[in-house]
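Enquirer: Full structure from sequences and hints, please.
Taken in order, these protein sequences are the chains called A and B. Sequential numbering of the first sequence, starting at 1, is according to UniProt numbering. Sequential numbering of the second sequence, starting at 1, is according to UniProt numbering.
There could be a bad hint or two in this list.
As a list, the in silico PhoX-like pairs of lysine-lysine whose alpha-carbon atoms are at most 20 Å apart [what the hints assert, rightly or not]: (1) K446(A) <-> K263(A); (2) K97(A) <-> K126(A); (3) K478(A) <-> K235(B); (4) K217(B) <-> K211(A); (5) K154(B) <-> K180(A); (6) K231(B) <-> K478(A).
Covered, in the sense of this in silico footprint (three residues per stretch, anywhere, with C-beta under 8 Å from a C-beta of chain B), are these stretches of chain A [said to hold, decoys possible]: (7) 50-60; (8) 168-181; (9) 473-487; (10) 536-546; (11) 556-565.
Quick partial rundown of chain B residues pointing at chain A, CB under 7 Å, derived from the structure [as the list claims (entries may be wrong)]: (12) G67; (13) Y68; (14) G69; (15) P77; (16) V195; (17) L201; (18) Y219; (19) H229; (20) P242; (21) A243.
I should point out that these hints are in silico values taken from the structure, not numbers from a laboratory. From the three backbone atoms N, C-alpha and C, an ideal C-beta is built for every residue, glycine too.
Here's the letter readout for the chains.
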Amino acid sequence: MFDKAARSTGHDVIIVGSGAGGSMAAYALTRAGINVLLLEAGRSYDPQAEVNMLGQEHEAPLRGVGTPDKPFGYYDATIDGGWQVPGEPYTTAKDEKFEWWRSRMLGGRTNHWGRHVPRFGPYDFKPFSRDGIGMDWPLSYDEVAPWYDRTEEIVGLWGAPNGLENHPDSPPGIAHPVPKPRVYELLIKAAANDLGVPCVPSRYAILTKDKPDDVAPRNACYYTSPCGRGCSIGAAYQATTSVLPLAMATGRLTVVTDAMVSKVVMKSKHKADGVEYVDRKTGQTYKVTAKAVILAASACETSRLMLNSRNDDHPNGLANGSGQVGRNLVDTVGGYTGGIIPGLEGRPIYNEEGADQAHLYIPWWLYKEQAEGKLNFARGYHFEIGGGFRLPGPWTGGADLPKVNGADLRAAMKRKMGNRVHFSLRGEMIPNKDCYAEIDPNVRDKWGIPVLKFHWKWSDQEINMVQHGLDTARAIIKRMGGTVVNPNDTGESNIRPGGFIIHEGGTARMGDDPKTSVLDAYNRCWEVPNLLVADGAMLTSNPHKNPTLTIMALAWRACDKLAADIKQGAFA
Amino acid sequence: MTTLSRRTTLAWLAAAATAIPAVPAVARSEGATAPAVARSEGATAPAGLNPQIAWPDIELPVNAALGYGTDPDLMNPIAPWPLRLSAENREAINILGNLVLPPDESGPGAGDVDIAAFVDEWISSPYEAQAGDRRKVLNGLAWLDAQSLEATGKPFAKADAATHARIVDALMLDPVPEFLVEPAGFFGRLRGLIVGGYYTLPEGKAAIGFQGNTPMKDYPGPSDEAVEHLKGLLKHLNLPYPA
Ligand SMILES: Cc1cc2nc3c(=O)[nH]c(=O)nc-3n(C[C@H](O)[C@H](O)[C@H](O)COP(=O)(O)OP(=O)(O)OC[C@H]3O[C@@H](n4cnc5c(N)ncnc54)[C@H](O)[C@@H]3O)c2cc1C
Numbered sequence: 001m002f003d004k005a006a007r008s009t010g011h012d013v014i015i016v017g018s019g020a021g022g023s024m025a026a027y028a029l030t031r032a033g034i035n036v037l038l039l040e041a042g043r044s045y046d047p048q049a050e051v052n053m054l055g056q057e058h059e060a061p062l063r064g065v066g067t068p069d070k071p072f073g074y075y076d077a078t079i080d081g082g083w084q085v086p087g088e089p090y091t092t093a094k095d096e097k098f099e100w101w102r103s104r105m106l107g108g109r110t111n112h113w114g115r116h117v118p119r120f121g122p123y124d125f126k127p128f129s130r131d132g133i134g135m136d137w138p139l140s141y142d143e144v145a146p147w148y149d150r151t152e153e154i155v156g157l158w159g160a161p162n163g164l165e166n167h168p169d170s171p172p173g174i175a176h177p178v179p180k181p182r183v184y185e186l187l188i189k190a191a192a193n194d195l196g197v198p199c200v201p202s203r204y205a206i207l208t209k210d211k212p213d214d215v216a217p218r219n220a221c222y223y224t225s226p227c228g229r230g231c232s233i234g235a236a237y238q239a240t241t242s243v244l245p246l247a248m249a250t251g252r253l254t255v256v257t258d259a260m261v262s263k264v265v266m267k268s269k270h271k272a273d274g275v276e277y278v279d280r281k282t283g284q285t286y287k288v289t290a291k292a293v294i295l296a297a298s299a300c301e302t303s304r305l306m307l308n309s310r311n312d313d314h315p316n317g318l319a320n321g322s323g324q325v326g327r328n329l330v331d332t333v334g335g336y337t338g339g340i341i342p343g344l345e346g347r348p349i350y351n352e353e354g355a356d357q358a359h360l361y362i363p364w365w366l367y368k369e370q371a372e373g374k375l376n377f378a379r380g381y382h383f384e385i386g387g388g389f390r391l392p393g394p395w396t397g398g399a400d401l402p403k404v405n406g407a408d409l410r411a412a413m414k415r416k417m418g419n420r421v422h423f424s425l426r427g428e429m430i431p432n433k434d435c436y437a438e439i440d441p442n443v444r445d446k447w448g449i450p451v452l453k454f455h456w457k458w459s460d461q462e463i464n465m466v467q468h469g470l471d472t473a474r475a476i477i478k479r480m481g482g483t484v485v486n487p488n489d490t491g492e493s494n495i496r497p498g499g500f501i502i503h504e505g506g507t508a509r510m511g512d513d514p515k516t517s518v519l520d521a522y523n524r525c526w527e528v529p530n531l532l533v534a535d536g537a538m539l540t541s542n543p544h545k546n547p548t549l550t551i552m553a554l555a556w557r558a559c560d561k562l563a564a565d566i567k568q569g570a571f572a
Numbered sequence: 001m002t003t004l005s006r007r008t009t010l011a012w013l014a015a016a017a018t019a020i021p022a023v024p025a026v027a028r029s030e031g032a033t034a035p036a037v038a039r040s041e042g043a044t045a046p047a048g049l050n051p052q053i054a055w056p057d058i059e060l061p062v063n064a065a066l067g068y069g070t071d072p073d074l075m076n077p078i079a080p081w082p083l084r085l086s087a088e089n090r091e092a093i094n095i096l097g098n099l100v101l102p103p104d105e106s107g108p109g110a111g112d113v114d115i116a117a118f119v120d121e122w123i124s125s126p127y128e129a130q131a132g133d134r135r136k137v138l139n140g141l142a143w144l145d146a147q148s149l150e151a152t153g154k155p156f157a158k159a160d161a162a163t164h165a166r167i168v169d170a171l172m173l174d175p176v177p178e179f180l181v182e183p184a185g186f187f188g189r190l191r192g193l194i195v196g197g198y199y200t201l202p203e204g205k206a207a208i209g210f211q212g213n214t215p216m217k218d219y220p221g222p223s224d225e226a227v228e229h230l231k232g233l234l235k236h237l238n239l240p241y242p243a
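Expert: Shown next, in the form of structure tokens:
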């Protein structure tokens, strides 16, 4: 797909980054008749040829367990990345911790994400109005809802009409049926409901019915391959089996891979001209121009580009008059507890793989209590639940490896195979002044581009939330007759490091005031209207509801507007 | 992290591959990390084991550059690193494999499916995470040979079944005498590798009765039998079957 001509002009819009936001932007613009140049730092990637859908553990080195080269396991789709990208470091402030997961491939992290796609609800767009903390979005749920509908139709998902407060369902006809719940999910549901906690069908961007299409046909899930490998049959959504081929088919998309953008180049104070990029294979630098530029290099990388594009007109970084670029950095709050359930031991074995993801989950439910001020944290969380018949692996030990040999050991291993349940807490983090990214004045990557330095500190809001989650999950485990695996953990010790849940956002937030936000409600930089942001950086707040569906929906919405403006002669 | 020079370790490796290292009769090194094994103070040594044979306590360097890299060919997986174990080491591991998981009507023994091939790949791994296991297994194998030589005049792999059983029984003691703390830690970890390696093989999955790895058009959910069991469990817990 590499094309020399692409280095010259002739494109209406340049998009930086081909992940969730960038690929959706490319799709939206090209189908609206706009010519697009998509620059992607990673290599070209073809899931049909490269995903080992049915590769077995024993066929992979070290039974496929994670290593520094492939942190989420040998078969995981991530290329040249993970918590570190070779030659592209980042730094963190002394004694602070932030982990930044990146991949370097066409389609970005959509190739290996978890595909959990809740919609943000009406409350989530107006958090400040509800509890006086943070900032309201310049958008309401009702304004975004049609874009959710549209995005879900192309992305594809399973889901059910749960009818819960602040958890909008898809309109009829969009969501595919949710796979049947497994035994451990039904048990968790029974115990949770008994304690007044909901447990309902989940929403994942995974097809359970075929999605025919001339260009990008996708098949229903066949219920055995882990989604993190990528999905060559297209059941689990990723840009490389869906919106990117669809955009290519319009004839209006040019993709250049191995193109590491280093900065935005300006035509005048309020007008972007294009970008500069380094060809990662040759080290050579190119400049390309267009009527508009969309940054979608992932939340942190986009703020890095804006800060690195500082010039005399924008001394603190491009479009950063508000000082908010790199600020308001949020991740999703992460916590974990698990249980060993004797009642699940020795149960009849059946195929419990199902789809790789949870068929049921626990959504946030204590809105009333929060409104009444009864909780010591302001925002919600959900639990992604897990369990099932899991085979022992090379790290098996401790309580999972009874101290017997021979027939007794075989019997014990079989009995224990399905006895675990897992509760992964995913909560809303409130932006705080201690969490931000800035340019490290002393460190550059191998292309000579200054790198990011992260600052991170959880507030009591998040720590109290995790404590509440631990208490809740422990009560559910107890109600199932189980024992908790980490009974001594507290909210403070259990909370995962910043970045760990890989939902970074907020570093160029949208708002309705140029003094306190970077983008307007159509993702345009207040100070540079032909420069847009279409990735997680845009998030005004980061509800516990995994952000990617919202990133894609708002990217599409912004591009629909941009296409209309360009067609009416804007930025000519 | 290794403290030995590359020359030292290479020399040791060569020795390990060909002969039993001469193990000095000194007490267990204090610097070694203690495995999670309960000690019994002042217990007498199990018959046939010499408490004077100390833990060899030798480390090998980590060299992540020998790894498969950040963009390996996922369709054709290979572990590119050189393997560390000798044929006799692997024989010893397969003997232990069949003592931990002997053959029965559910499947072959762990030694029968050459579990040593997996253990070799694992402990030869160039990554930091496996370095501790490498240390345990290489030292453990040397210790086994030293004990076996002393008792029978033969290395462990060539000793008789009674000797194998006697040593394994001693390593399964809980709590263990002080001089067996390191060897029992090694054996505990080796058992984990044997079990994990075995049950991730097609033979092991069949033996444990695992059902999966099967593409299907619709996911049927729990079997009738599984539902019945769940109903019984819910009743026992005084919970209704969820609607
Ligand atoms: C294991 C895992 C599980 C996840 N699970 C979920 C989930 O269940 N639900 C959910 O909503 N989210 C999930 N996420 C998060 C989700 O992947 C991200 O929110 C989403 O991909 C963000 O989209 P993006 O467009 O901002 O960035 P990305 O998808 O990361 O794409 C950015 C792209 O830009 C490229 N790029 C970076 N810098 C440059 C540059 N300088 N020049 C050119 N190109 C550049 C990158 O190579 C990359 O391809 C998960 C992530 C991971 C890793």
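Enquirer: So which of those numbered hints doesn't the model satisfy?
Expert: Hints 2, 5, 10, 11 and 21 are the ones this structure does not satisfy, whereas the remaining hints hold.
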